[in-house]
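In the order they appear, the protein sequences are chains D and B.
Counting in this note's numbering, the first sequence runs from 1 upward without gaps.
Counting in this note's numbering, the second sequence runs from 119 upward without gaps.
A few of these clues could be false.
Said to hold, decoys possible - Chain B stretches covered by chain D per the calculated footprint, using a threshold of three residues with CB under 8 Å from any CB of chain D: (1) 178-187; (2) 198-208; (3) 225-238.
No wet-lab data here; the hints were simulated from the structure.
In this text, a Cβ means the ideal position worked out from N, Cα and C, and glycines have one as well.
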Amino acid sequence: MAGIMRNTLTAVLVRGEWLQGTFETEPYEAAWAGEALFFVRLMGVRGTALAGTAVECKVQLSPDGIRWVDEGTVLRVDAQPEALVYARVGHFGGWLRLVGHVPAGLEVQPVVTLSLKA
Amino acid sequence: MSSAHPTQADARLSRYDPMSRILYFDDFDDGINGWTTLVGNYEGSIETMTHSYARHTQPMLSQITHWDAGTHGAFDGTYALKIATRPVPGERNVAIKRVTFRKAARIRVETYFAFKPEANELRLSDRDVRSFGLLFDLQDGRERVMPHLRYLNALDGQRMNRWQYKRRSLPLRAIGGHNETVTHDHLSPQDWEDIPGAGQLLCYNEIPTKINWHYLRMDFDLQAMRWIDFQCNDQIFDATGVESIRMPAMPNLSCMLNLAFFCEPDTAKRAFLYLDSVVLSGEF
């Protein structure tokens, strides 16, 4: 990982599958990176969302890729098509993932993107 | 002037046996090197993608850290390419690098790899990974040719320990309404066949958190579009009679030289294929 240019990599953790209830992204290894941006975009929403209804996503860390603990950052994305939010995360150790909660009666089609930079 | 092979000047390359021209030498300590997820074809809507492709996820740069022993690291340096499946039996994941060829020559892929299941049980777990392997996706002026090679480690809980290939794929399926895009699930569970005489025991090493790197090489002739042979550690297997999936050339794949690695779990536990580095070389 040497060199003058900073290494970077963008991983798509969720690619437009329809989700409801609670969902977890697959674990993603990020030990080489010093900073991370999570983006959550909703491609589609099914069901009736009242104004202000949001999908809530929590950033989680892990010592081993198996056991998870909340990092403290929360993304709230309005339950509207093409809604887009982001969160900055740093000092996260070896793994990152998101745990999301979709309000009852709704189904959403997210694209979850993790942008990492050394 | 020394007659030493140029690989001897580089300790990282000296453990490989590349042909005369190196097309790429990807050491994952340097970054992702063009290895990405194999996204399935779609048109109009992402939902037109074949389900098995829609489940593929991005490869990652792994330090190979375990709960009991800490960081393992790669063969050299810290990072390896990690292809991780979801914890669903038979649900594969694939990483791919896409280039094209300038001469239809003999080519050779080499890698140092390790495979393990997720270490979430205090058990031997040596039958939790179903298989891992590689494939080329190639096209010349006449045909699209896809040699597939996999090590079948276990199937439905039984140890299998053998190398397999494919010569048949599921039928092409049209996507969208413009008659421009098709797909076929060439990595589906069907139609794998044993390569005669190609049984082999690998070094699993007792518990899920011990990693032993293995050497894998495969030679293929782009001129004849035929297998030559392959090697894993100390065993060399003749492959001159091994077939590939073949179909008529497609409109926009000229000189395609794609290389992909994949793995799949046999149980509801993530399977991990680690690649320390990959060398693709050719004789031209």
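Each hint, compared with the structure:
no., hint, verdict
1, 178-187, "holds (count 7)"
2, 198-208, "holds (count 3)"
3, 225-238, "holds (count 3)"
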